[in-house]
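Heads up: the protein sequence lines correspond to chains A and B, in order. According to the working numbering, the stretch in the first sequence is residues 1 to 109, in order. According to the working numbering, the stretch in the second sequence is residues 1 to 119, in order.
I should point out that these hints are in silico values taken from the structure, not numbers from a laboratory. Hints are not guaranteed to be accurate.
Unchecked claim - If you want the footprint, here are the derived chain A segments under chain B, 3+ residues with CB under 8 Å: (1) 13 to 23; (2) 41 to 50; (3) 55 to 62.
As the list claims (entries may be wrong) - Cross-link-like lysine to any residue pairs, in silico, SDA-like; alpha carbons within 25 Å at most: (4) B:41 with A:18; (5) A:96 with B:62; (6) B:20 with A:41; (7) A:52 with A:107; (8) B:41 with A:39; (9) B:20 with B:98; (10) A:49 with B:99; (11) A:96 with B:15; (12) B:64 with B:80; (13) A:56 with A:67; (14) A:49 with A:109; (15) A:60 with B:2.
What the hints assert, rightly or not - What follows is a set of in silico ranges between Cβ atoms, one per label pair, in the way DEER data are often shown: (16) B:9 with A:109: 23 to 31 Å; (17) B:41 with A:3: 32 to 40 Å; (18) A:18 with B:66: 44 to 52 Å.
C-beta: ideal position from N, C-alpha, C; glycine also.
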Amino acid sequence: GDSVTQMEGPVTLSEEAFLTINCTYTATGYPSLFWYVQYPGEGLQLLLKATKADDKGSNKGFEATYRKETTSFHLEKGSVQVSDSAVYFCALNDYKLSFGAGTTVTVRA
Amino acid sequence: GAVVSQHPSWVICKSGTSVKIECRSLDFQATTMFWYRQFPKQSLMLMATSNEGSKATYEQGVEKDKFLINHASLTLSTLTVTSAHPEDSSFYICSAYTDLATGPLYGYTFGSGTRLTVV
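For reference, chain A alone in the conformation it holds in the complex (with noise of 0.2 Å):
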């Protein structure tokens, strides 16, 4: 079936620094891709998505491009900050979501 894989964490940065979480999937079709964001006892919210190859994502510095030919989903941001700690899940859409393991990013100042 359908599943995601992502870069396990934790990941320990640098306000400014940059950030880049690995994701994968396999799928039989042709995914829409996400990314969610979850805050310390929050519900997830939606970050970006992409629904075809090649398509990239962006929201609030974050970018990723759905690269097909590599099955990937990478998220990046240029310049962290210390309100981007969080847990971030890669997610997959084939009429229900899979989710990724969550990758928690905790910025220091």
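Following the hints, complete the assembly by docking chain B onto the known chain A.
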């Protein structure tokens, strides 16, 4: 944008009692509601999928008699944890899906989650 209101945000109950969690889509009609369970520092585990007016479809290993799901309308779904025990303590999250709208309202919207503690 799309909002899903999940209530309560946290609840403590005694072992053996039942707890009901509500999810309401406030500004759109949810064709499908998903219920997830999340253990500390783990990913979301899909428990069940429900469509309005139909019986829920449970994932393998999820006890349907223990986790009762009702999707009575296109804006309301409930999860009832019956005869709760300490091992049911977890973070429960709902997600409403709609294909009845376009733009920001289309797709999945998550509730804020319910922290259940059974003592």
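**Message:** Of all the hints numbered above, which does this structure not satisfy? Sort the numbers upward.
**Reply:** 1, 3, 7, 11, 14, 17
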